[in-house]
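Take a look at the letters that make up each chain.
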Amino acid sequence: MEIKKLFDGTTLTVTLSGRLDASNAQELTKELNAALNGVKDLIFDFTNLKYVASAGLRVLLTAQKRMNKQGSMTIRNVNDSVMEVLEMTGFADLMNIEK
Amino acid sequence: MKWTIHKRVRLLVLSAGILSFFVLSVIGFIGVSSIRNDVSKMGVELGESSASYTQSILTDQLKQTLSELSKSRAEYINRDMERMMQDVIVLAETMTEIASHPENYSPRIVPDPRYERIGKAETYIIYSPALRESGVSPALRHEIEIASNIRDYLVPLAKSYLNYKSSFYVGSKNGYFLCSGILPGVDYSPIIEDEIYNYDPRQRPWYQNAEKANKPLFSDLYADIDFDENGRLYQVVGCSAPYYDANGFAGVVGLDIANIDIHRAVTHTGIGEDGFSFVLDNNGKVIISSMTEGVFSAQENGVDLRHSTDTALADAVKNMVEGKSGVELVKIGDERYYIAYSPMPSVNWSFATLTREEEILNAAEQGRTYFAEQIEKFQERVSDNYKVMVSISIVLLAVLLGVLFYFSNKLSGRFVKPIEKLSDNVRDIASGNLDKKITDIHTGDEIEHLAVCFNAMTDELKEYMANLTKVTADRERIATELNVAKDIQRGMLPSIFPPYPDKTEFDIYATMQAAKEVGGDFYDFYLLDEDHLVVTIADVSGKGIPASLFMVISKTVLKNFAVFMNNPDDFAAVMECANNQLCQGNDEMMFVTVFLGMLDLKTGKFVYVNGGHNPPIIYHKAENRCEYLKVKKNFVLGGMEDMTFTQQEIQLEHGDLIFMYTDGVNEAMNVDKEEYTSERLLNFMNKTDCTVELTKLLAAVKGDVEDHVKDAEQSDDMTMIALRRN
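Line by line, the protein sequences are chains S and E. Take the first sequence: its position 91, counted from the start at 1, is 97 in this note's numbering, and no numbers get skipped. Take the second sequence: its position 277, counted from the start at 1, is 278 in this note's numbering, and no numbers get skipped.
Treat the hints as calculated values from the structure; they're not laboratory data. Glycine is no exception: its CB is placed at the ideal position from the N, C-alpha and C atoms. Check each hint, because a few of them may be wrong.
Stated by the list, open to error - With a Cα cut of at most 16 angstroms, we get these calculated EDC-like pairs of lysine to aspartate or glutamate:
no., chain 1, residue 1, chain 2, residue 2
1, E, Lys634, S, Glu90
2, S, Lys36, E, Glu589
3, S, Lys56, E, Glu676
4, E, Lys674, E, Glu642
5, E, Lys631, S, Glu37
6, E, Lys437, E, Asp425
7, E, Lys121, E, Asp153
8, E, Lys633, S, Glu90
9, S, Lys71, E, Asp673
10, E, Lys633, S, Asp99
11, E, Lys504, E, Asp570
12, S, Lys56, E, Glu668
13, S, Lys36, S, Asp99
14, E, Lys711, E, Glu650
15, E, Lys633, S, Glu93
16, E, Lys606, E, Asp570
17, S, Lys56, E, Asp673
18, S, Lys71, E, Asp588
19, E, Lys634, S, Glu93
20, E, Lys674, E, Asp708
21, E, Lys286, E, Asp305
22, E, Lys631, S, Glu93
23, E, Lys560, E, Asp530
24, S, Lys56, E, Glu675
25, S, Lys71, E, Glu676
26, E, Lys332, E, Glu374
27, E, Lys674, E, Asp712
28, E, Lys674, S, Asp99
29, S, Lys71, E, Glu589
30, E, Lys634, S, Asp51
As the list claims (entries may be wrong) - Here are a few chain S residues that sit away from chain E, every Cβ distance over 12 angstroms (derived from the structure):
no., residue
31, Lys11
32, Thr17
33, Ala41
34, Leu42
35, Asn43
36, Lys46
37, Ser60
38, Gln76
39, Ser87
40, Glu90
Excised from the complex, chain S in its bound form:
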C-alpha cells in the first residue's frame, strides 16, 4: 500500500492506494498519529484503494473518533467494493463519505 499525505493549513489529505489490510494497518496508524496534531479537516482519498480489511476499518474508526474531537473527517472517491464493505459494516452510516 502507498500512503501520500498533503498538508494544506489545517487540512490533511491522505491518499491511499492498493490494499489496506492487517499487514499495513499498523503503518497507517503510526502515520496518522504523527500527522493529526492540529488538523481540523482530515480527508481520505480512496480513488486508488481497492480493498479494505477489518484491520483497515479499525484504523478508519480510530481516526474518526479522534476527528470527532478536533474537527471533521471525510472519505472521498470510494470505489464500489470498498463501499460495499463500508456499507455492510455500517461504517457508511457513521462516516462522512463523498462518492
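Start from chain S and add chain E according to the hints.
Just chain E now, with coordinates in the frame of chain S:
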C-alpha cells in the same frame, strides 16, 4: 595433490633457490669451460710461439756462440803461433849477433851424441854426412865453437817448452846442426838412430824455404813425426827464420812444437754430437781437423775446399782464405750446417767450427715439446681441477639442495604454522566451542590481526547466539502459548455434531479452518429454551492474540446477554448491550462483525440482527433457490458506544437453510490475488444440491473455494455454519 599454503611456500622458496643455484651453476660452468677452452687454445699457441721463439733464440745464441768460439779459438791458436814466431825471431837475431860478432864470444863445445850421453833439453851437434866426409877445418871448428854459444839460449827455451814435444835448432850453411830437445830419448842416453846421422839441414824444406823467403816463416805441418801420450799421431808445427853473419846469409834457425794444444783446441771444439772444427790454410786446405776422415779431415793431399760443389760452403771457404770472419748457413751433402769462422792473421790460416742446424731445430723442437708437455700437464691439472670443482659443485649443490629443502620446509612450516594454529582454533570454534580464545598467535602480521578478528567474531557470535537462544526460546514459548490459545479458542466452539441428537426440528453443522496465525473468527449456537436456538457467526477485526482475546470476550458477552434475554423482540437489545459492553476500555478500537440469529423451532420464525457482518445466504427449498439474506446495515460491535441495532425476521419453511460464513470464504485469494467473491459463492450455492447432508454441503463449498485458491496460502480464517429447518 592438494596445494596447501605450506606446499606452495615451500615450492616458492625451493624454486627460487634452485633457480638461483642453477643460474649460478650455469654461469660458473660456462666460465670454467671457457677458461678451460682458452687455456687449451692458449697452450697450443704458447707451444707454437715458444717453439719458434726458442728456435730463433737458440739460433741467434748458437750463431753468437759459434762466432765467439771460432774467434776465441782462432785467437788462441794465433797467439800460440805468434809466440812461436817471436821465439824464432829472437833466436835468429841472437844467432845473427853471435855469427856477426864472433870476437865477443869465447869458444864453447857442445856434446856430440855419437860419443856422449845427451841430457834433457841439452844442446848437441850433428854433422851432416857431407861435412863428416870432407872433415872439419880448424876455421870451421872455431866457427862451430863460437856458434855453440847459442846453447845458452836454446836450453832455457827448450826447458820452457819442456811439457811439449818440441825441438829448437840451428842449421848452418856449412852443414852442421845444433839442436835441443829433438829426439830426447831416454835421459842421458846416447842417440843411436841412424837417421839423425844422415840428416843434412841444408836439404830440408824448412831450411830451403826460409833461405828462399829470406824471412821468418811457418813450415808445413809434419804429420808423421811423433805420437802423443794416447798413441795418437799428432802434428808438429815448425817455424824457421834465416840468420846472417858479416858476409850475409849464414843459415836457418827453427823450432818445432807439437801442436797438442792447438790440436786439442781444434778437436775439442764442436757443438752438438755432429759438430766439428777445422783449421784452413791460405790454400783452402784443411790442415787441422777434429774429423779423421772425409773432406774436412787433414790430409797430405787435401783438396782445395774453395772448389767444393756445395756453393755456399765454397763461398764461406773463400771468405776464410781472404781472412774474413762470419757465421753462415751452408749445405754439406744433404745436411745443413752453421759455419762460424775467424782468421788467424799471423799464419794466414782460418779457424772454422760447424754445427748441424738440426741440433738447433732439435733444441727448438725440444722446447716446443717441453712447452707442449707443460701445457698438457697444465691442461690436465686444469681439467682435474675442473672435474674436482664440478664434483664439489655437484656435492655442494646436493648438500645445498638438502639444506634448502630443509630450510624451505622449516620456513614454510614457520610461515604456515600460525595459519594451521588459527585453522585448528577456528575448527574448534566451528565445532561449537565459542568460549575458545585464540591467544597463542603473536606474529604481528595479518594472521594475528585475523586471529583478533576471529576472537571478536567469536564474542559477537556468542552474544548473538545467546540472543538467538533467548529469542528462539521466547518465540517457541509464544508459539507454544499461541498453540495453546488456538486450542483453547477452538475448544470454546461447539464441536460435537449433532449437538442435540434428540432435536429433530433442525440440523446444524459448522466448520472453521483456521489460518496459520490465530484469528478472530468464531461461531456459536445454543438453545435458549426448548424452542429457541441461537446461532452466531462473528469475525473480530485483526489477527493474533488481541483478536483471539477479543473474540473470547465477544463470544462470552454475546452469549451472556442472549441468555438473559426475556423477549424475542428484544433481540436487537442483546447486540446493543453487548456493543456497549465491548466498547468499555476498548482503546485499541477492536471491533467484531456479528450475525446473530434465533430460530423458533416450532414456528420457523428466524429473528436476526446483523452487526456489520457478511449477509448469509438463504436457501428456499420450495423454489430450490439461494439468495443473500436481506440485512440492515448495522454498525459493528465494539466500535462505537450507544449504537442502535435493528432486528429483522424471516420465516424459514421446512427444508429451508441459512448458510453463514466469514469473509475468509468470499475473500479467499488464489496466487493471482483474485478473490473468490460472494457472487461466485452464491452461484455455487445455486448450482449445488442444498438438500444434502450439511457436512457434505459445507465440504462442497470448501471444495469449490479450494478449486479457486489452489496452492495459495490461506490468509484468513474460513468459518462456515449452516442451519436447516427440518
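Holds or violated: Lys36(S) and Glu589(E), Cα atoms, limit 16 angstroms.
At roughly 13 angstroms apart (the allowed maximum being 16 angstroms), Glu589(E) and Lys36(S) satisfy the hint.
Lys56(S) and Glu675(E) were given as a pair; does the straight-line alpha-carbon distance stay at or below 16 angstroms?
12 angstroms, holds
Check the hint pairing Lys36(S) with Asp99(S) against an upper bound of 16 angstroms on the C-alpha distance.
At roughly 26 angstroms apart (the allowed maximum being 16 angstroms), Asp99(S) and Lys36(S) break the hint.
For Lys286(E) and Asp305(E), compute the direct alpha-carbon distance and say whether it is at most 16 angstroms.
Holds, because 5 angstroms separates the two Cα atoms, which is no more than 16 angstroms.
For the pair we were handed, Lys56(S) and Glu668(E), check the Cα-Cα distance against 16 angstroms.
It holds: about 13 angstroms lies between the C-alpha atoms, which stays within 16 angstroms.
Satisfaction of hint between Glu93(S) and Lys633(E), Cα-Cα up to 16 angstroms
Measuring from Cα to Cα gives roughly 10 angstroms; hence the hint holds.
Given the hinted pair Lys631(E) and Glu37(S), is their Cα-Cα distance within 16 angstroms?
38 angstroms, violated
Is it true that the CA of Lys674(E) sits at most 16 angstroms from the CA of Asp99(S)?
This hinted pair is violated, its Cα atoms lying about 30 angstroms apart.
Decide if the proposed pair is consistent with the structure: Lys606(E) and Asp570(E), CA atoms, cutoff 16 angstroms inclusive.
12 angstroms, holds
Given the hinted pair Lys71(S) and Glu589(E), is their alpha-carbon gap at most 16 angstroms?
With Cα atoms ~12 angstroms apart, Lys71(S) and Glu589(E) stay inside 16 angstroms; holds.
Ala41(S) and chain E, when compared Cβ to Cβ, separated by more than 12 angstroms
18 angstroms, holds
Hinted pair Lys634(E) and Asp51(S), Cα distance within 16 angstroms:
23 angstroms, violated
When held up to the earlier numbered hints, the structure conflicts with 4, 5, 9, 11, 13, 14, 25, 26, 28, 30, 37, 39 and 40 and fits the remainder.
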